[in-house]
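> Chain residues, written in single-letter form:
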Amino acid sequence: MPASISELRRLLGEKFPAAELRPGGILPTGLAAVDAAEGGLRRAALTEWYGSSGSGALFLQAMLRMCVREKCFAALVDAGRSFEPVGSPPSTLKRLLVVFCGEAMQAIKSTDLLLRDGNLSLVILDLQMVAPGTLRKIPTSTWHRFQRLLEQTTMALVILTPQPIVEGAQVRIAAEGNWTLATQRRWRGESIQEMAVRIFPKRTVLRAVA
Amino acid sequence: MFGVIFLPNFHLQTVLRFREELRGKPVGLLSCGTRIADGGMSRNGGTDSGKKAGLLEINEAAARAGVAPGQTSPQALARCPALTILSRSLVQEQAAQAVLWEMAGSLSPEIEATAEGICTVDLQASRDRDWATIGRRVVEALEKLNLRAQFGAGPNPDLAFLAARHARPVLVVQTPAAFLANLAIHELDPPPELFSVLRDWGIHNLAQLTSLPRGNLMDRLGPQASRLWERAAGQFTRPLRLMRPVEEFVEAFEFEYEVETAEPALFLLRRFLDQLILRLTNAYRVAGRMTLTMLLTNGSAHERDFTVPSPTGDGDVLFRILQTHFDGLQLDHGLVGVRLRIEPALAERQQFQLFESPLRDPNRFGETLGRLAALVGTENVGVAEVLDTHRPDSFRLVAPRFEEVGEGTSREDLTVGLPLRRYRPALPAQVRIVRHRPVFVVSEKAHGAIRESLGPYRASGDWWETNRWTTEEWDVEMEDGSLYRLMRNDTGWCVEGSYDEKFSGFRIQFSERAPPPPTASASLLQTHPLNPEP
Numbered sequence: 001m002p003a004s005i006s007e008l009r010r011l012l013g014e015k016f017p018a019a020e021l022r023p024g025g026i027l028p029t030g031l032a033a034v035d036a037a038e039g040g041l042r043r044a045a046l047t048e049w050y051g052s053s054g055s056g057a058l059f060l061q062a063m064l065r066m067c068v069r070e071k072c073f074a075a076l077v078d079a080g081r082s083f084e085p086v087g088s089p090p091s092t093l094k095r096l097l098v099v100f101c102g103e104a105m106q107a108i109k110s111t112d113l114l115l116r117d118g119n120l121s122l123v124i125l126d127l128q129m130v131a132p133g134t135l136r137k138i139p140t141s142t143w144h145r146f147q148r149l150l151e152q153t154t155m156a157l158v159i160l161t162p163q164p165i166v167e168g169a170q171v172r173i174a175a176e177g178n179w180t181l182a183t184q185r186r187w188r189g190e191s192i193q194e195m196a197v198r199i200f201p202k203r204t205v206l207r208a209v210a
Numbered sequence: 001m002f003g004v005i006f007l008p009n010f011h012l013q014t015v016l017r018f019r020e021e022l023r024g025k026p027v028g029l030l031s032c033g034t035r036i037a038d039g040g041m042s043r044n045g046g047t048d049s050g051k052k053a054g055l056l057e058i059n060e061a062a063a064r065a066g067v068a069p070g071q072t073s074p075q076a077l078a079r080c081p082a083l084t085i086l087s088r089s090l091v092q093e094q095a096a097q098a099v100l101w102e103m104a105g106s107l108s109p110e111i112e113a114t115a116e117g118i119c120t121v122d123l124q125a126s127r128d129r130d131w132a133t134i135g136r137r138v139v140e141a142l143e144k145l146n147l148r149a150q151f152g153a154g155p156n157p158d159l160a161f162l163a164a165r166h167a168r169p170v171l172v173v174q175t176p177a178a179f180l181a182n183l184a185i186h187e188l189d190p191p192p193e194l195f196s197v198l199r200d201w202g203i204h205n206l207a208q209l210t211s212l213p214r215g216n217l218m219d220r221l222g223p224q225a226s227r228l229w230e231r232a233a234g235q236f237t238r239p240l241r242l243m244r245p246v247e248e249f250v251e252a253f254e255f256e257y258e259v260e261t262a263e264p265a266l267f268l269l270r271r272f273l274d275q276l277i278l279r280l281t282n283a284y285r286v287a288g289r290m291t292l293t294m295l296l297t298n299g300s301a302h303e304r305d306f307t308v309p310s311p312t313g314d315g316d317v318l319f320r321i322l323q324t325h326f327d328g329l330q331l332d333h334g335l336v337g338v339r340l341r342i343e344p345a346l347a348e349r350q351q352f353q354l355f356e357s358p359l360r361d362p363n364r365f366g367e368t369l370g371r372l373a374a375l376v377g378t379e380n381v382g383v384a385e386v387l388d389t390h391r392p393d394s395f396r397l398v399a400p401r402f403e404e405v406g407e408g409t410s411r412e413d414l415t416v417g418l419p420l421r422r423y424r425p426a427l428p429a430q431v432r433i434v435r436h437r438p439v440f441v442v443s444e445k446a447h448g449a450i451r452e453s454l455g456p457y458r459a460s461g462d463w464w465e466t467n468r469w470t471t472e473e474w475d476v477e478m479e480d481g482s483l484y485r486l487m488r489n490d491t492g493w494c495v496e497g498s499y500d501e502k503f504s505g506f507r508i509q510f511s512e513r514a515p516p517p518p519t520a521s522a523s524l525l526q527t528h529p530l531n532p533e534p
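These protein sequence lines are chains A and B, in that order.
First residue of the first sequence: 1, per my numbering; consecutive thereafter.
First residue of the second sequence: 1, per my numbering; consecutive thereafter.
Derived by calculation from the structure, the hints in this document are not laboratory data.
Treat the hints loosely; a few may be bogus.
What the hints assert, rightly or not - Cβ pair distances, simulated, as ranges:
#, chain 1, residue 1, chain 2, residue 2, range
1, B, E465, A, G25, 50 to 60 angstroms
2, B, R432, A, T134, 30 to 40 angstroms
3, B, D314, A, E103, 27 to 37 angstroms
4, B, S394, A, Q193, 27 to 37 angstroms
5, A, R148, B, G448, 26 to 36 angstroms
6, A, Q193, B, N467, 37 to 47 angstroms
7, B, N298, A, G25, 52 to 62 angstroms
8, A, R136, B, D314, 39 to 49 angstroms
9, B, F440, A, E103, 44 to 54 angstroms
10, B, E465, A, E103, 49 to 59 angstroms
11, B, G448, A, A3, 35 to 45 angstroms
12, A, R148, B, E465, 50 to 60 angstroms
For glycine and all other residues, C-beta sits at the position ideal for the given N, C-alpha and C.
Model the full structure from these sequences, guided by the hints.
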């Protein structure tokens, strides 16, 4: 007999891995590594994507393609005002609501509004171009509040950061790529798939056994 | 059969429509007011400005206190110190008149605007012959719109009008002779001379008048007396002066004092919406667009249009749209009037597609967009629309129209290279050039020796305009592996953006993961338009 609830949870997780509960479902990303490990982005959950700025920009491009593929709509809250739409196909841009913010706290408020709205499938909060000092000033309660808001929706929230700062992220994805100028001559889709990612799910919830 | 909808004390009722706090209290109305001018609102003097204004209408509470129409304000206040004296508002009268016409139009297309607060309807084509039920329905509907109405029905327009005047609140005249018999002569508004003669003869009611021979009466008092006899006998009929009311859903209110906070305006707007939605529902319509006009103390008006993303008849949704606007609103002058106009639309019937995820609540999304615009500025929210030019950073954010987004194309597979993260504004830089290539850069972000560079990518445009531009761009790789785009234009060098900026304080280790296999396409290298010259 298992001695504690956590032990029982672990035991059930090992015996019935398919019973793992993803409360809001999954949003397939099209990124092979992410989809293989998690099936995609967890809906109703907060995901943190951290790494170099190039990896964040490529992830955003992957999400634009996902929106066309899944016929859904997304929002980008850009705290660094760095999003470059020139070069992206208009069909993908039409599915992305862009919110340029002048500062990090404005971006946090904008994200809050979008999460409360609950209409979109995906919200991306891009904090990768924000100075680390400013990021550290964001209260950690913000991320917990976001998670609580998400749990009432089927939205997925991805926060792009230069380093792991989001406390309470349900999934943390580290991304890196050794890009050189030679990458500028390659298909963007190939660069997206070749990103090296590691996934750290924080916790899983087991379906209650009847 | 004809019907008449009669709004007693019409002018006073229109002023009291949104003044619940004055119900049951003595109120008198002075005959001076305001009017809508050319679709907007502007204050001007009343029709009888310049002479001492008397009370035009009073309510029952004022009448009980001894106040009578025609008294001046001091006279009325002497009799009833608690009397509230209000001014006429032509703006509100027009709105109430539109409500009346609309209600009449729901009974029959043949309606006549008989007078202010009086509307005559030709009911002969009506299938429903239960005139009393029709009348009660009209009275109840108008009561919901804060208007007390009386309904009368009779075989001719004049009889219907007399019935409406005596209705409590509905009266259908089945036997005209019995109804008219006890009415006083003055109910028919006879000419003063004729009325005086009849009074001298001892004729006080219509039964006494109709007992006189009609021919003899005409011989002695002329054709006017003959027409009066016909009306008294219920035999006079006339064609209606038909009108076609414009379907306009407007409510307006003018404050008696300057308002400096949003609460009174929002309070009124909520009531406006309740009334307008009732009217829209009666017309089987929903709100497609709203126009809010606020009259300011300096005579100007603040006007704003709101497109309802998904036309709706939900008052809460519409109110939230207005409330969101007030959240970030600051006016330079006080508010003296508010007007809300709704453009009706047909309700949308949307069939969701099986695999598509449209917006669940477009109105809520529109409201969120409004809040975002208030937070970050209208120019910073929207869907990116790339402009038809090669000038760098040429795009604009437009309002999203997610409901019109069609299928995507596969063109995205043709994009090449890493996406740029643009610095806005571009960072000024000093660049050292050796053999026509940048080799060293000094700037806020990129600083140091350049390991490798691709370029130049030259572009120019608008040379036929005064704002012509020329750029030369370079993609550069720094010693630390960061990738940037440099640009030279008329003002000098700058760092336009980065492709990949290494974060110095943190580095992820992937020792256990094999590096991805090289999959560069040879054909791509030959066809890529950005392929630099060898």
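> Can you tell me whether the CB distance of B:G448 to A:A3 sits inside 35 to 45 angstroms?
violated, 58 angstroms
> Can the suggested window of 37 to 47 angstroms be confirmed for the beta-carbon pair A:Q193 and B:N467?
Holds: the Cβ-Cβ distance is about 41 angstroms, inside 37 to 47 angstroms.
> Using the Cβ atoms, figure out if B:R432 sits within 30 to 40 angstroms of A:T134.
holds, 32 angstroms
> Falls inside 50 to 60 angstroms, the C-beta gap from B:E465 to A:G25?
Roughly 52 angstroms apart at Cβ, these two residues keep to the hinted range, so it holds.
> With respect to the beta-carbon atoms only, verify the hint that A:R136 and B:D314 lie 39 to 49 angstroms apart.
holds, 43 angstroms
> Taking the beta carbons of B:S394 and A:Q193, is their distance inside 27 to 37 angstroms?
For A:Q193 against B:S394, whose Cβ atoms are near 30 angstroms apart, the range 27 to 37 angstroms holds.
> At the C-beta level, are B:N298 and A:G25 separated by a distance inside 52 to 62 angstroms?
holds, 56 angstroms
> Would you say the C-beta atoms of B:E465 and A:E103 sit inside 49 to 59 angstroms of each other?
Cβ of B:E465 to Cβ of A:E103: about 35 angstroms, so the range 49 to 59 angstroms is violated.
> Given the range 50 to 60 angstroms, decide if the beta-carbon distance of A:R148 to B:E465 lies inside it.
holds, 53 angstroms
> Could you say whether the range 44 to 54 angstroms given as a hint is met by the Cβ separation of B:F440 and A:E103?
violated, 33 angstroms
> Mind checking the hinted window 26 to 36 angstroms against the Cβ distance between A:R148 and B:G448?
violated, 45 angstroms
> Taking the Cβ atom of B:D314 and the Cβ atom of A:E103, is their distance within the range 27 to 37 angstroms?
Taking Cβ atoms as reference, B:D314 and A:E103 lie about 35 angstroms apart, which means the hint holds.
The structure fails hints 5, 9, 10 and 11 (numbered hints given earlier, in ascending order).
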